[in-house]
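Residue numbering for the sequence shown follows my numbering, starting at 582 and increasing by one per position.
No lab work stands behind these hints: they were computed from the structure.
It should be emphasised that the depicted structure is a prediction, and the values quoted were computed from it without experimental measurement.
Treat the hints with care, since some could be wrong.
Stated by the list, open to error - The calculated SDA-like cross-link candidates involving lysine to any residue, where the alpha carbons are at most 25 Å apart (straight line), are:
hint : residue 1 : residue 2
1    : K584      : A684
2    : K584      : L810
3    : K584      : G808
4    : K584      : Y598
5    : K584      : L806
6    : K584      : F805
7    : K584      : E812
8    : K584      : R809
9    : K584      : T687
Claimed, not checked - Each pair of labels, with its calculated beta carbon distance range:
hint : residue 1 : residue 2 : range
10   : F716      : A607      : 21 to 31 Å
11   : S772      : H702      : 31 to 41 Å
12   : L695      : V794      : 25 to 35 Å
13   : S618      : G786      : 16 to 26 Å
14   : S594      : L695      : 24 to 34 Å
15   : T762      : S583      : 43 to 53 Å
16   : I770      : R809      : 37 to 47 Å
The beta-carbon is built from N, C-alpha and C at its ideal position, and this holds for glycine as well.
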Amino acid sequence: MSKVFSVARREMSTYLYTPMAYALMAGFLLITGYFFSVSVLGSRWAAMHSTLGNAGLILVFVAPILTMRLLADEMQQGTSEILFTTPVTTGQVVAGKFLGSFAMITLLIVIMLLYPLVLDHFGNPDWGATLTAYFGFWLMASSFLAAGIFTSSMTDSQLVAGVSGGALLLLLWVIDWAGATLGEPLESILSHLSVTQHFMHFNRGIIDTQHIVFYITLTTGFLFLSGRLLESRQWR
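Generate coordinates for the entire structure from the input sequences, incorporating the hints supplied.
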């Protein structure tokens, strides 16, 4: 476990010393702050569901940018050979890199708690529903990062990793749109695969174990595939 945290600390340090990470965080907070202001001033309702819903869509593009270099850059620079020859397994490398990016996105979500604190100062928000929505957003963010790591493990190019990660997440975001046209049973299947459908329940203040299991399964599944893909690439 110490090896996993060692890799995670290395990645977190890289984020903290990279100007792009700060620019990305600032841009994300600027856009979500705009959505927060518009939704609150427009509706006069002390709630976060609209802001977090829009923030989820922005995260579709932010998460792949955060993760695109994690494995693709190692391959491109040739440092992956050094990394994988040290006494650390492929699974530990993937887990460590995920935890590093997860710590970064968690920091971003903690900063976003300023929004409901502002609401609490001027209004009376439902903190139970708000924290439930944030919990769901946190789980969804973890699955987005895992998907980004998966696409990063597929290529040596950061650009390809970022674009393919964004495309994959956007597909998971809108996959249920085709359900109404295709009808059952595809409608139910596509709805279950949609990250938005699961997040909507959290955003309404509802905690259901099936939605928690969905995000955990999606996260672990993408990380598992990343590890297997990396192992196969080492033998090429």
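Evaluation of the provided hints:
1. K584 / A684: holds (16 Å)
2. K584 / L810: holds (20 Å)
3. K584 / G808: This hinted pair holds, its Cα atoms lying about 16 Å apart.
4. K584 / Y598: holds (21 Å)
5. K584 / L806: Holds, at roughly 20 Å.
6. K584 / F805: holds (18 Å)
7. K584 / E812: Holds - the C-alpha atoms of E812 and K584 are around 18 Å apart, at most 25 Å.
8. K584 / R809: holds (19 Å)
9. K584 / T687: holds (21 Å)
10. F716 / A607: 21 to 31 Å: holds (25 Å)
11. S772 / H702: 31 to 41 Å: holds (38 Å)
12. L695 / V794: 25 to 35 Å: Given a distance of about 30 Å, which is inside 25 to 35 Å, the answer is holds.
13. S618 / G786: 16 to 26 Å: The hinted range 16 to 26 Å holds for S618 and G786, with Cβ atoms some 22 Å apart.
14. S594 / L695: 24 to 34 Å: holds (25 Å)
15. T762 / S583: 43 to 53 Å: Hint holds: Cβ distance 51 Å, inside 43 to 53 Å.
16. I770 / R809: 37 to 47 Å: Between I770 and R809, where Cβ atoms are some 24 Å apart, the hint is violated.
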